[in-house]
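**Student:** Next come the chains, spelled out residue by residue.
2 protein chains.
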Amino acid sequence: MHFHHHGYVSGDPRVQPAAGTGIDRPDELPDRMDVLIVGTGPAGMLTAAQLSRFPGVNTRIIERRPGRLEIGQADGIQARSVETFQAFGFAERITAEAYAITEMAFWKPDPADQSKIVRTARTIDDPAGISEFPHLIVNQARVLDYFAEFMANSPTRMKPDYGYEFKDLTDTGAGEYPIEVTLVRTAGDEAGSERVVRAKYVVGSDGARSKVRSAIGCTLDGDQANHAWGVMDVLAESDFPDIRLKCAIQSGGGGSILLIPREGGHLFRMYVDLGEVPAGDHGAVRKTTIEQMIAKANEIVHPYTVDVRDVAWHSVYEVGHRLTDRFDDVVAEERGTRTPRVFITGDACHTHSAKAGQGMNVSMQDGFNLGWKLGHVLEGRGPASLLSTYSEERQVVAQNLIDFDKQWSTLMAKRPEEFEDPSELEDFYVRTAEFPAGFMTEYAPSLLVAAPAHQDLATGFPIGKRFKSAPVVRLCDSNPKQLGHLAEADGRWRIYVFADGAEAGAPSATAEFANWLTTAAESPLAATPAGADDDAWFDVKVVYQQAHADIDINAVPAAFRPKVGPFSLTHLEKIFGVQEGDDIFDARGISRDGAVVVVRPDHYVANVLPLTATDELADFFAPLLAV
Amino acid sequence: MHFHHHGYVSGDPRVQPAAGTGIDRPDELPDRMDVLIVGTGPAGMLTAAQLSRFPGVNTRIIERRPGRLEIGQADGIQARSVETFQAFGFAERITAEAYAITEMAFWKPDPADQSKIVRTARTIDDPAGISEFPHLIVNQARVLDYFAEFMANSPTRMKPDYGYEFKDLTDTGAGEYPIEVTLVRTAGDEAGSERVVRAKYVVGSDGARSKVRSAIGCTLDGDQANHAWGVMDVLAESDFPDIRLKCAIQSGGGGSILLIPREGGHLFRMYVDLGEVPAGDHGAVRKTTIEQMIAKANEIVHPYTVDVRDVAWHSVYEVGHRLTDRFDDVVAEERGTRTPRVFITGDACHTHSAKAGQGMNVSMQDGFNLGWKLGHVLEGRGPASLLSTYSEERQVVAQNLIDFDKQWSTLMAKRPEEFEDPSELEDFYVRTAEFPAGFMTEYAPSLLVAAPAHQDLATGFPIGKRFKSAPVVRLCDSNPKQLGHLAEADGRWRIYVFADGAEAGAPSATAEFANWLTTAAESPLAATPAGADDDAWFDVKVVYQQAHADIDINAVPAAFRPKVGPFSLTHLEKIFGVQEGDDIFDARGISRDGAVVVVRPDHYVANVLPLTATDELADFFAPLLAV
Ligand SMILES: Cc1cc2nc3c(=O)[nH]c(=O)nc-3n(C[C@H](O)[C@H](O)[C@H](O)COP(=O)(O)OP(=O)(O)OC[C@H]3O[C@@H](n4cnc5c(N)ncnc54)[C@H](O)[C@@H]3O)c2cc1C
Ligand SMILES: Cc1cc2nc3c(=O)[nH]c(=O)nc-3n(C[C@H](O)[C@H](O)[C@H](O)COP(=O)(O)OP(=O)(O)OC[C@H]3O[C@@H](n4cnc5c(N)ncnc54)[C@H](O)[C@@H]3O)c2cc1C
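In order, the protein sequences belong to chains A and B.
In this text, residue positions in the first sequence follow the UniProt record's numbering: the first is 1, and each later residue adds one.
In this text, residue positions in the second sequence follow the UniProt record's numbering: the first is 1, and each later residue adds one.
Everything labelled a hint here was simulated from the structure, so no lab data went into it.
Careful, some of the hints might be misleading.
Same chains, same names: a pair is fine if it fits in one copy or spans any two.
Claimed, not checked - Dumping the calculated BS3-like pairs for lysine-lysine here, alpha-carbon to alpha-carbon at most 30 angstroms:
hint : residue 1 : residue 2
1    : K468      : K481
2    : K563      : K116
3    : K211      : K287
4    : K200      : K159
5    : K481      : K355
6    : K296      : K563
7    : K167      : K108
8    : K468      : K211
9    : K406      : K200
10   : K406      : K296
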């Protein structure tokens, strides 16, 4: 954690000094704002949390409920989401209160007696060790709480505005705040009354029945029918031996349950499969009672029993794989002629089968993709064209994910003997190991993602995928660190300089690159506003090939020792050596001639370049910084 | 974390439901209370935090300052303290914001040019890997903040009462609340006015100039003279290469500095040695100005410079090794005839050289020792005789610590060639490796600590020392866990049952012991009040010799599956298997015939017994439970 550089901080360093729109932020929703986010689900809250770190941007997030979410909805947190929480500073805390999945069990009918179930397999949840982050289960409400805390601690002092329902919007095309939005109060004295506000941008994170989506003329297409699950979060006594393990249970009678243990040591969730919802159902499946769910669950787990003592939440969750063809208000014919003003994120633009446990996770990554782009555009760091990349990037990701999920579910359901080639299954597992952990996303080359011309210089940082951390040792204080975990959700670009073999003081490609960075007019760093900290827009870090104790700190170029704060103090925590026994150059296939790895504020690798490719680097950033 | 068993918890599970004295707790200091703690330093705050988990006890903690500590004082946190913070739920958070010491550097005059300093050594901070917890540096104020948060989240909803100064007390010997305490308000409208309150017990945690100490007729004895340090917490620019490492710096001119990097990446503390304070000093040393300290520091670090840009805090800290002969109000002649009513803890009863960095750490362990004893006595779990053990245990510890610290400092200052036997230094290092991390404390046999008759059954859990954690795997959810980290500061005794080799279902010594625990009239568990959770007073855990996947959960005895909460749910998180490759039986020298390890609420091992020694176990607990 980096603080005290603007003067001594006596209290919790996580609470940043109020700044910009956070100074005297009005409690009441104003008439005009830069960004209006609709809906406080995971998608909306992450976007808001990200924007809360841009003091120059006036962001508000409305919610039709009168207060915070209290119970229910999703609970599966992939490792990629925990990695993201780490950037928002709450991975450790949510992990401490969550259930961590380390194994999964499979139960099938006993071949000897179909009326009974038996355990057929018990598998490690992440056998390939894909991530250093865990796979968690915790109530969605707690995820939202942590984002709310992050916002409240941010310079903008953001808080959700509860009790406002989005009704409709029009793009007036006029003035600085072109989007006119009609809201209805749902709580308080003025409940039922309408209110019209204006915004520069609107983000519809209002869930599967999104009204923002309708307002921009999108529809969810995909599966003909919904699949239905009876979902219950219960406290119960049970002699089922794996009651605290994630289990897929299939009974001889054809019923099936997905059992998800929950936080706290007792609570668990059961998804009782209610099957495809037939065309003429007219809501019949939704009438399934909790008593029916419990009875069905007991049938399925026979000879074991589940004696439910308390029902915390239950619901019939109906959903199918569906997707809109665009995630913003720019229709196909208009693409390239104007930049978007209205966006939709999360369930508003894509829904997923409950089985895959993707919903909340993908939705947050939508927000992580969009948030910084809005921040950059509104603070004048980048051009409005950045905003077009949101729909381009995320619509494809959602489509791929749905396609892949279907393929994955089909293959997972196949029995080994059904595969033509016996190695097919194994290949499939290896190839797709990243999927359940949320790491399959790979953005295609675009304004923001370079073509992989120099990928060979750092094969372990695939361009378009998220920057996978590895251990290093910080020079100034000899602290072992995970390099990637230092990348906070602060909206900054990151430039990782992996040095060539030369020592810090010696003339070298690294030294020349460093010199260019701080002195060249074409260097992206030249865009940093006068008066701001040297590292305000770009977080430049260097990793030498030597061990930390063998690097002379005073010989390290100035580019890696930026000045920060009103006292113009040197920030010494940007310089690293390799960790003995776990050399990041080996672990990530980095060339011993060095490499520059450019990483986006949302953690995705944007470019890999040789140390000499200053022109290419300048060219890459030019269209991202020009306004 | 264990929750939801009393019904669904929607918010932060760290915030426990208000109970007992926490329901409608008055904001104003009441006229009568069970425990009055004087002083919100580390000693007082830990005691208060511990007592905050006893809803039946009305505890108040007063402080003469008008509000929280904001800056300055101690900052060194030993691994034992971080281990303790873990029990209070904030180890990870404070670690995230603190400076972690991994190496220390030594600088001495350059033999070739005495006017310059050179680095002579760089050593690993914990070369022996004594603890899985780090050695931290962070402002004392933050430690206090975390304890305050813990209290506020406790069932008692405790908050310090700021703005009250302790003036004097008398033991009236009368009534339920015999101690009459005179306080003076130091803040608010009524500043200066006196207030008389009454308490059952008073804890003086009021620092080195303790008035509670005077009131019970104790004095601090020890070093004739104080040693003085100019202490400054500063933001500075410096070319000193180890400015972010803990350093002992000695200059040719005879000056010396202890450099302590601090949290946040920029701040550091320098202790500029001002030497022994001469007898006739009359406060002269205390007049050392910050300019003088900075000038002296620059002299010492020559040829490097320290350009101070901002002074966060500075002080002249004068201290010597001093100690009182008792830590409570029972004078020598009275010992054994009555139990104490007034206690002193922390700096009020012992002070330590700033160099050793013991002060804050030892003070907290005083509080950890005393807190649960007061809780047990006042809630009627244990007899008042428990309270006599506080002074008995901690006075000796403090004396040993001071003796040892002197010996340690002397030996550390010796040059290798000064040792008679070359192996002396090495032996010394190995023998004392636990000292700087805070793990040397070893309580002698007493009411609370058994004689080590069966120590051979678990050589890695020395009786009288704190229970050192080791990894295990939880049966119910396959989660790898550190066994010791599950011991929260909840005031409960812990009984760890290390099973013999038999399987869970088989007849065995483990099964018999388990049966005795839950059914025998002499079992300590029989003392648990009717209606309370089965594990309300005793947290019983079992570790089998098998891997978790090979244990049949339904065959595990009921003693290890207690019922909890209003729904009478089975608590399944008490059963463990060994971790492959790191078997706790091997790591801690536990007999393959099994062993029972009894651990006090403050983490110290109280007894080690064979599985068959039910009589001995009953005898051990009998005097601790009888009221
Ligand atoms: C009732 C329910 C049960 C669910 N159960 C499961 C489950 O069992 N398993 C699972 O994996 N996933 C479940 N989900 C889906 C999962 O919660 C979503 O995939 C995930 O939350 C997507 O996040 P989001 O932010 O896009 O949308 P959501 O979390 O749906 O958030 C949308 C938010 O917008 C608010 N909102 C909606 N319309 C308006 C409006 N007009 N004006 C203002 N605010 C509005 C909503 O109140 C809500 O807070 C459930 C969702 C719901 C709604
Ligand atoms: C000014 C100062 C500077 C220090 N600097 C260093 C340092 O540089 N390095 C180091 O290692 N240690 C330092 N220490 C010592 C270190 O802080 C202590 O060892 C440690 O805090 C001991 O904890 P404690 O709880 O016993 O006492 P303290 O932390 O001293 O807490 C005592 C508390 O009681 C309050 N109090 C005192 N008298 C009364 C009264 N009559 N009524 C009500 N409240 C009262 C005080 O305001 C204080 O909050 C310093 C202590 C002080 C006071």
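**Student:** Could you work out which of the previously given hints the structure breaks and list their numbers from low to high?
**Tutor:** The structure breaks hints 7, 8 and 9; every other hint is satisfied.
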